[in-house]
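**Student:** From just these sequences and the hints, can you work out the full model?
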Amino acid sequence: MSLTTNPTRFFGLGGMQEIGKSTLVIEDNYDIVIIDAGIKFANLFSTGIKGMVPNYQYLLKNQAKIRGIFITHGHEDHIGGIVYLVQEVPIKKIFAPKIAIEYLKAKFVDHKIKREIEFVEIKKDDVYHFQSFKVDFWTAQHSIPDAFGVRVTSRHGSIMCTGDFRFDYTPIGNYTDFDKLKQIGKNNLTVLFSDSTNAMRPNHSPSERDILADIEMHMRAASRKIIITAFASNLTRIKALIEIGIKLDKKILVFGRSMVNGINIGRRSGYINAPDEAFLGKNLSGVEENQMLILTTGSQGEQLAALDRMSNKKHPKISIEPRDMVIFSSSPIPGNKIKIEHLINRLYKLGAIIKENGPDGYLHTSGHAYKSEHEKIFQLTKPKYFFPYHGEYRMALAHSQTAIESGVSPKNVIIPDNGEVFEIVNQEVRKTKRKIPCEPIYIDGDTISRDNSRIINERQYMRENGVVFIFVPFDKKNNEIKGRISIITKGVFSIRTGSPIIADIRRISYSSIRFFVQKDPNWSMPQLKQLLKNRLGAYFHRSKRWNPVILSKFIFVDEKFDFLANYEQKEAEKFVDYKPEQTKLATTVDKKVAKPSANNKSPSLNSQKNANSSEKTAVKPNNLSKKNLNYYNIAKSTDEKLSQPSQKNIPNKTVKRALNSQNFVKNEAQASSNQEKTFANSESSQNKKPRIIRKKPDYLTANSANSGDNLNTKNIQPKFRKNQNTANSKQFFAKNIKENPVAFSKNADSDNFENLNYNNKKYNKNSKNLNQNFVKKQTLGFKNTKICPVFYPKSPDSTQATFYKKPLASKKNYKSQNLNDKIGKPENSKPKQTTESN
5 MSLTTNPTRF
15 FGLGGMQEIG
25 KSTLVIEDNY
35 DIVIIDAGIK
45 FANLFSTGIK
55 GMVPNYQYLL
65 KNQAKIRGIF
75 ITHGHEDHIG
85 GIVYLVQEVP
95 IKKIFAPKIA
105 IEYLKAKFVD
115 HKIKREIEFV
125 EIKKDDVYHF
135 QSFKVDFWTA
145 QHSIPDAFGV
155 RVTSRHGSIM
165 CTGDFRFDYT
175 PIGNYTDFDK
185 LKQIGKNNLT
195 VLFSDSTNAM
205 RPNHSPSERD
215 ILADIEMHMR
225 AASRKIIITA
235 FASNLTRIKA
245 LIEIGIKLDK
255 KILVFGRSMV
265 NGINIGRRSG
275 YINAPDEAFL
285 GKNLSGVEEN
295 QMLILTTGSQ
305 GEQLAALDRM
315 SNKKHPKISI
325 EPRDMVIFSS
335 SPIPGNKIKI
345 EHLINRLYKL
355 GAIIKENGPD
365 GYLHTSGHAY
375 KSEHEKIFQL
385 TKPKYFFPYH
395 GEYRMALAHS
405 QTAIESGVSP
415 KNVIIPDNGE
425 VFEIVNQEVR
435 KTKRKIPCEP
445 IYIDGDTISR
455 DNSRIINERQ
465 YMRENGVVFI
475 FVPFDKKNNE
485 IKGRISIITK
495 GVFSIRTGSP
505 IIADIRRISY
515 SSIRFFVQKD
525 PNWSMPQLKQ
535 LLKNRLGAYF
545 HRSKRWNPVI
555 LSKFIFVDEK
565 FDFLANYEQK
575 EAEKFVDYKP
585 EQTKLATTVD
595 KKVAKPSANN
605 KSPSLNSQKN
615 ANSSEKTAVK
625 PNNLSKKNLN
635 YYNIAKSTDE
645 KLSQPSQKNI
655 PNKTVKRALN
665 SQNFVKNEAQ
675 ASSNQEKTFA
685 NSESSQNKKP
695 RIIRKKPDYL
705 TANSANSGDN
715 LNTKNIQPKF
725 RKNQNTANSK
735 QFFAKNIKEN
745 PVAFSKNADS
755 DNFENLNYNN
765 KKYNKNSKNL
775 NQNFVKKQTL
785 GFKNTKICPV
795 FYPKSPDSTQ
805 ATFYKKPLAS
815 KKNYKSQNLN
825 DKIGKPENSK
835 PKQTTESN
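According to the working numbering, the residues represented by the sequence shown are 5 to 842, in order.
In case anyone wonders, no lab produced these hints; they're calculated from the structure.
Among these hints, one or two may not hold up.
[To be verified] Pairwise CB distance ranges, derived in the manner of DEER restraints:
| hint | residue 1 | residue 2 | range |
| --- | --- | --- | --- |
| 1 | Arg546 | Val471 | 14 to 24 Å |
| 2 | Asp280 | Gln431 | 48 to 58 Å |
| 3 | Ala68 | Lys557 | 41 to 51 Å |
| 4 | Lys190 | Ser376 | 38 to 48 Å |
Here a beta-carbon is modelled for each residue, glycine too, at the ideal position from N, C-alpha and C.
**Tutor:** Structure representation (structure tokens):
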């Protein structure tokens with residue numbers, strides 16, 4: 005096979021011209037080797053975005069060639085993306101240092117990843133052979149132990165990735181394997197990928213020993229408790245701080261989840277050797293203030309971090325007192341400087357003594373190489389081609405200049421971009437025209453989405469401008485607004501102070517909707533919403549210079565009754581064998597309706613006949629209050645049960661009350677629907693005395709299955725007849741009050757008895773008792789009722805009844821009052837005549 009038919013290709017899915025999500029892919033026709041799979045922490049935490057990872061679709065399509073992932077060290081920008089990568093791509097092996105493996109296992113538990121993956125611990129002398137590649141390592145120094153550089157060799161050449169490194173000639177912990185680097189340089193290294201983070205810093209980075217010496221000096225000078233904040237991932241320094249604390253006879257407290265996890269991982273891996281007695285638990289009693297050494301997170305001013313809560317006096321265990329010492333063993337990350345300054349100001353207000361890196365000595369050093377260290381690695385490895393990575397473009401440009409100064413040919417110094425594919429053939433590198441899709445994928449919560457860029461823009465816009473919600477009750481059949489428009493605002497203005505603005509919003513909404521619906525008969529809902537958005541947006545911008553997000557929701561009124569009809573149908577299916585008797589509905593006449601003469605029948609009677617003739621089809625209520633609609637729902641579902649003539653099927657008290665509610669609701673609905681017909685028929689008799697047509701209660705009709713046949717008290721069932729006696733009525737009424745006190749609540753709704761009309765044509769000496777009995781049934785039939793309706797005829801021969809609303813006496817005085825006083829006619833008051841009209 006010719007060498008040109010199977011070149012070695014390499015490209016970066018992430019980490020090129022940026023810091024974070026380092027992912028380098030090396031492949032040929034048979035194998036794929038991945039070096040690191042990191043995450044990038046974007047400055048988008050206010051939008052709920054945790055970070056970004058590369059697009060892994062190319063690896064998913066070529067998963068059969070993947071031999072494994074090789075990890076340089078255990079920092080998030082090099083291993084943070086693995087938990088998302090393995091959920092999309094079936095990775096079988098991960099080659100990593102011991103501490104990095106511990107971090108990955110903890111991440112897999114947090115993300116509940118149950119896929120079986122083999123972890124292989126790498127050491128400096130290990131060599132792994134695949135069909136096309138050979139992989140070996142060299143030890144490096146970084147702020148975390150067990151850091152390695154990786155070299156991949158093929159038949160066309162070799163590629164080395166330094167990972168994050170620095171040269172410390174007086175190291176603590178790991179040391180740099182300079183001998184291995186010299187050997188790599190002698191074997192003609194083709195391509196070098198090197199860390200560019202601190203390429204713009206001249207000279208050499210400080211030694212870790214110098215940092216620890218200055219920190220120990222400040223710790224010895226402290227008179228009260230010491231609080232040290234550092235990067236939780238800097239295990240090298242945390243280990244040294246614990247050792248200094250033990251040497252100074254301090255009791256160590258650890259706060260912050262990442263700090264606790266890091267120390268636990270260091271102890272499990274054997275890197276941190278500290279006895280349990282050196283650490284304090286939750287019980288701090290008996291410990292002197294000057295004996296405490298607190299290691300905490302929050303060095304970058306992160307909100308809700310342990311140090312942030314201490315500065316705000318919200319920490320449950322630690323409170324900062326005057327003369328407490330706070331040491332910042334870290335440097336500000338770009339973008340966090342303002343937050344750190346606010347944090348330090350709060351600490352100063354509490355009386356703390358602050359020690360920072362720089363003004364108070366060397367308290368922190370970076371884990372990334374400076375310019376002189378970059379020059380050193382060029383001298384050792386002598387690469388033919390140089391690719392800077394893990395740094396922004398300005399850093400990569402400075403690093404490229406250092407490479408040229410160190411002897412690399414300018415034409416062989418290339419600043420790559422993510423997705424650009426390069427090939428090695430016979431030690432020569434060339435750029436191809438191919439580019440791998442590697443756009444960043446945002447992490448929202450614990451998931452990744454490929455359409456999050458639009459979501460982020462929307463969240464940022466809402467965060468800056470606020471949101472206005474418009475809820476419009478709309479009748480789609482009649483194309484009109486039904487009810488009041490509701491408005492909710494978030495981050496725009498206060499409802500209390502913005503009442504004029506709310507009035508303007510309602511006015512513009514009403515006029516815009518009506519204008520649009522009347523103008524265009526073929527209007528559509530998206531067009532109507534867009535018009536409302538444009539009109540309100542123009543109002544906000546013109547009057548207030550605001551640009552909020554405007555969202556409108558049209559609530560269709562008819563949908564509510566469609567749901568009710570479906571519910572009624574399901575309930576009716578339970579009683580398909582029964583044939584319920586249709587309830588006769590009454591009609592209501594306006595005051596203008598005249599009393600018919602002897603030679604002329606009332607037109608309202610004709611309307612009533614027409615209404616009764618069309619009762620076979622159910623009348624759907626469309627103008628009921630919320631409570632009446634609930635009563636209608638109950639009554640409708642029990643209608644079939646109530647229609648059975650058998651005495652055994654007489655409903656219980658609850659169903660009886662529902663029946664009474666049903667009669668009222670149906671009367672109200674039918675009266676409203678027949679109103680226009682009644683008005684039209686009554687124009688010919690405008691100058692005549694009005695007359696009210698009322699319907700008998702069901703238990704007074706001849707066809708009633710559960711009551712008497714007519715007004716004659718002899719034909720009434722015993723349960724009604726027993727109430728003719730005043731004493732018995734008093735006992736019956738008091739018993740119902742005791743059994744159902746809610747029905748007589750003072751806070752009840754009295755609207756249920758409005759528009760209640762009955763056709764009482766005949767009265768006798770016992771009609772008053774029957775009315776009393778009916779009143780009690782209706783009162784108990786409506787829950788939470790505080791009024792007592794009473795009907796009286798003007799005279800024994802009159803067909804016109806009178807309706808009273810008399811408040812019930814308190815429960816305390818029920819026993820001492822006479823029943824006739826509760827529901828009887830007032831002695832010194834004239835009955836108030838009412839005529840119903842909708």
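**Student:** Could you tell me which of the numbered hints above are not met by this structure, giving the numbers in increasing order?
**Tutor:** 4
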